[in-house]
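K.L.:
Top to bottom, those sequences are chains X and A.
Each residue of the first sequence is one higher than the one before, starting from 279 at the first, in this note's numbering.
Each residue of the second sequence is one higher than the one before, starting from 342 at the first, in this note's numbering.
It should be emphasised that the hints constitute simulated quantities derived from the structure, not laboratory data.
Being a predicted model, the structure only gives us computed values, none of them experimental.
For each residue, glycine too, the CB sits at the ideal point set by N, CA and C.
Do not rely on the hints blindly, as some may be mistaken.
Stated by the list, open to error - Computed from the model, here is a short list of chain A residues facing chain X with C-beta under 10 Å:
hint : residue
1    : S456
2    : F675
3    : I732
What the hints assert, rightly or not - In silico BS3-like pairs for lysine-lysine, Cα to Cα no more than 27 Å straight-line:
hint : chain 1 : residue 1 : chain 2 : residue 2
4    : X       : K441      : X       : K428
5    : X       : K703      : X       : K527
6    : A       : K618      : X       : K441
7    : A       : K618      : X       : K527
8    : X       : K573      : X       : K441
9    : A       : K618      : X       : K428
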Amino acid sequence: MSPSTQRHTPDPTGESANPSVLRAQFAYLPDVIAELERSVPYASALATSSSGVRLALRDSEQGVSRRDPSAGVVLTASDGYEIEEVAVGATDEASVRDASRRLLEGLRRTRGGGRERNRTPLNLEPGDRLSADYVTPVVISPDSLSLAEKLARFEDLRQRARKIDSRVVQAMARYGDAVETKVFVNRARFITEVVHRATLNVTVFVSDGNARRYNWLSRGGTGGLESLEVDEGALANVTEIAVALLGAKPMEPGVYDSVVDPSVAGILAHEAFGHGVETDMFLKGRARGAHYIGKRVGSDLVTIVDDPTVPGANGTYFIDDEGQSASPTCIIRDGILLGGLSDLYSATRLGIARTANGRRESFERKPYARMSNTFFTPGTHSVEEVLASLDHGMYICQGANGMEDPKGWGIQVGAHFAREYRHGKPTGVLYAPVSITGYVPDVLGDVTMVANDFHLHPGGCGKGWKEYITVGDGGPHVRTRLQLA
Amino acid sequence: MVTRTLTADTIVQALGRRPEIAGWTLTRRRRHGTQLYVIGRDVENTREVTTEDFTITVFHDHPWPVGRESGTAGHARGVSSVKLVPGDTAHLESRLDEVIMMASLVHNPAYELPSPETLPNVALSDPLITALDGTRRAVWEMAEEVWEACDREASTGVRLSAGEFFVTVSDREFRTSKGIHSSSETTHVAVEIALLARGDSDDPTLEAETFRPVEARRVVDLRLASQVAEASRFARDTLRAQPTETRDGPVVVSGSALPPFFDPFVFHSGAQAAYMKLSRFTPDHSVFGDHAMTGDPLHVSSHALRPFGLSSHSFDGDGVPGRDTDLIVGGTLFARHATSRYAQYLGVPVTGEPGAVVVRAGTTPLAELLRDSGGPVVEIVAFSSPNVDDITGDVGCEIRLGYEHLPSGDVRPIKGGALAGNVFDAFASVRFSQETQEALISGFGGGGVYVGPRGARFEGMRVAGG
């Protein structure tokens with residue numbers, strides 16, 4: 279096989295990233311479910327696979343690998359009170375039927391065991407009858423470039439970033455593409471889903487001989503290479519900011535009038551009332567939001583939505599991992615908390631309507647109520663108007679991380695830097711890093727302007743310190759008052 | 342006879358038939374585990390998980406492309422990896438075609454795979470778990486222990502919200518083209534508990550929570566009873582905690598809040614960081630740059646041989662035997678931790694992957710570090726998230742729970758606000774407690790272990806009010 283003529287990287291799952299092939303491959307699953315349901319009132323199966331290519335490029339080092347291909351099946355059964363699951367890293371019929379046998383053995387053991395069991399009935403509903411196939415639209419397929427062409431393209435990008443400034447000591451480019459397949463079967467549903475994904479990260483490290491700073495840009499989501507365009511302006515901006523950060527000051531702790539860019543707004547939405555309304559936390563008594571449904575939690579300008587149907591976004595899918603069809607959920611409208619994001623178990627126990635937010639890190643993990651794409655909705659002001667309103671405040675940029683506190687309604691968001699503004703104009707002073715803390719209702723209650731722009735960013739989300747999934751977050755520029763350090 | 346299931350032997354034979362491969366490594370990993378999820382005393386879900394996979398890494402040597410700078414004279418080495426599962430027998434040859442093709446397209450300075458060495462004997466598995474049906478029995482034992490411990494706290498207003506219990510047995514087989522053939526069996530136990538404390542009010546919005554993740558290799562090392570006792574105390578104290586006030590003054594970071602502060606020191610001590618031109622440390626020079634070291638001397642070492650250590654190993658991902666290595670001695674970079682590849686690139690001794698981060702304790706009792714006649718000392722025992730930047734050393738962490746130790750001897754719980762600063766500045770004047778602890782150095786599942794002072798007092802960190 280000649281690298282120069284090969285048009286694509288052979289993908290062993292490529293032939294199966296096709297709904298008809300998936301249906302044929304897993305045609306046995308309805309029978310497995312039917313057999314399980316001769317012993318239990320509810321059973322389902324989820325078969326997943328993911329595969330793709332990763333490139334890691336930096337000075338004097340290049341690496342390419344198949345993205346950790348992961349393929350397996352998880353069988354779920356409920357005896358009407360509890361749930362048991364068996365997950366195997368195989369998708370062939372023999373392995374799955376063996377898993378089914380072990381699942382029934384486990385259920386028999388549970389029934390026959392001496393421990394006191396949960397006696398509250400659990401009536402899991404399979405949903406309306408649905409047989410459907412979904413595939414992510416792709417404009418520029420990653421297969422349209424050979425691996426050699428991808429390497430050349432992203433190494434060129436990295437080199438251009440590397441050469442922008444003499445203070446750049448290292449530049450890294452990381453590319454990934456993936457095909458993720460999902461087959462969900464219960465007695466009412468047989469659904470296939472194929473999600474294509476592409477991501478790019480370029481990180482630039484600078485040094486003035488003493489300090490070291492860095493900055494990055496990220497692109498990507500669901501779809502193909504069309505989401506990975508990086509123009510020269512964006513590349514130059516990454517380096518320019520990294521160099522400027524060499525002179526950044528530590529933030530002076532205090533409360534500031536602040537404008538957050540979409541990446542920071544997204545993390546605020548995600549941590550404040552994304553995690554804050556995951557209904558498995560309602561069930562566990564770990565979410566203060568459970569007691570505020572229908573009540574005000576922010577200003578009239580605040581509307582926060584979770585939406586797994588946004589075309590091309592990183593957290594987009596067609597069905598969740600429990601077979602629920604994707605649809606948006608308005609979490610907060612005009613400052614009023616409307617409801618939560620649910621998985622099948624918590625929705626059933628709480629007696630509330632399901633949303634399409636039951637997601638697993640992989641077949642190896644349990645489903646939880648999780649976010650998809652979470653964002654503030656746009657307002658009416660221009661970005662320029664919002665920034666010009668800062669008489670003395672901070673423009674906080676480049677969201678980096680966050681942590682949830684659904685019980686205490688505290689918030690922790692890390693941003694890479696902030697620009698000082700006086701009289702509506704930047705002073706040229708940068709502060710880095712920036713830690714945003716505070717009380718969620720205060721942060722949302724102090725929102726006084728929402729811009730009319732909108733950007734979603736790719737990201738990852740953990741539940742506490744594990745269960746990592748892909749998400750998107752963002753929104754417009756938002757003005758509020760924030761506690762900074 | 343057609344082999345239905347892929348085996349390591351099959352893969353090695355297939356690799357042997359590829360003359361274009363300059364070298365290879367093969368890791369076969371099998372895992373079986375049980376997971377138990379409870380809400381209060383009710384079982385939500387019980388799961389069994391079984392997986393097996395093979396990771397093949399191949400090395401392909403070829404001339405440097407025209408116009409590409411080369412790190413050394415001679416050939417370039419390409420490296421690429423692919424993973425297969427037992428059902429991939431039919432795909433083996435095409436996957437090898439692919440991984441060889443991928444390796445042929447990338448170019449790195451040449452380096453050699455390690456040769457076989459005698460491996461140390463490191464205990465890594467709990468025999469109570471590896472016994473038949475041990476994973477299922479172990480998760481229930483852990484749950485029962487947590488329930489009993491929570492029952493003891495019930496009279497103080499604390500209850501269990503939810504618990505998650507994980508027990509996994511893994512066995513790993515590692516082979517290389519240089520003749521290494523090693524295997525190890527490990528166990529991993531993990532628990533996540535959320536405790537809720539309620540005071541006299543019936544208002545559910547007036548509860549406080551403590552979230553506690555713990556991991557170990559053996560169930561006994563989780564020390565669940567003491568974890569529940571401490572977490573319960575934290576939950577009760579969070580309930581009555583007052584907002585933190587902004588102050589400059591001494592700060593003590595203690596318990597599980599402390600270990601992440603050492604992450605940047607470990608990162609910058611690494612050979613890989615140096616090769617990437619990101620390390621700020623220079624051998625035989627102070628790790629504090631221009632700051633004079635006025636506090637307790639900083640000694641940091643990597644220990645890969647601690648029995649049942651989460652970071653311990655008898656061999657690393659390249660087959661290099663585990664070992665203990667001094668990294669920072671008296672505040673000076675003594676040696677870098679270096680995997681085989683980066684050791685060759687830098688011309689430094691191979692240490693293998695780092696193990697537990699071990700920090701020498703101080704000589705001052707923790708109680709004394711918490712006293713200051715000039716004013717209150719803030720002690721932070723829990724952050725929302727350990728936000729410590731490995732590259733810059735900057736710290737920005739929300740305070741989930743702390744204590745204000747007043748000169749009068751009173752102690753008031755506080756919460757909210759943030760601790761800000763830079764570890765490379767702050768540790769130059771640090772004072773360590775003489776008491777020690779063993780704790781996770783990063784988040785749940787991060788796999789790092791810290792053994793060192795239970796508390797560290799900083800004069801140069803800032804507490805920003807909540």
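K.L.:
The structure should be examined with respect to each hint, and the outcome stated for every one.
P.N.:
Right, here's what the structure says about each hint:
1. S456: Cβ of S456 of chain A sits 23 Å from chain X, so the hint is violated.
2. F675: violated (22 Å)
3. I732: This interface hint holds because 6 Å falls under the 10 Å limit.
4. X:K441 <-> X:K428: Satisfied, since the Cα-Cα distance of roughly 20 Å is no more than 27 Å.
5. X:K703 <-> X:K527: Distance of about 18 Å is within 27 Å: holds.
6. A:K618 <-> X:K441: holds (16 Å)
7. A:K618 <-> X:K527: With a Cα-Cα distance of about 24 Å, the restraint between K618 of chain A and K527 of chain X holds, given a limit of 27 Å.
8. X:K573 <-> X:K441: violated (54 Å)
9. A:K618 <-> X:K428: Between K618 of chain A and K428 of chain X the Cα gap is close to 25 Å, so the pair holds against 27 Å.
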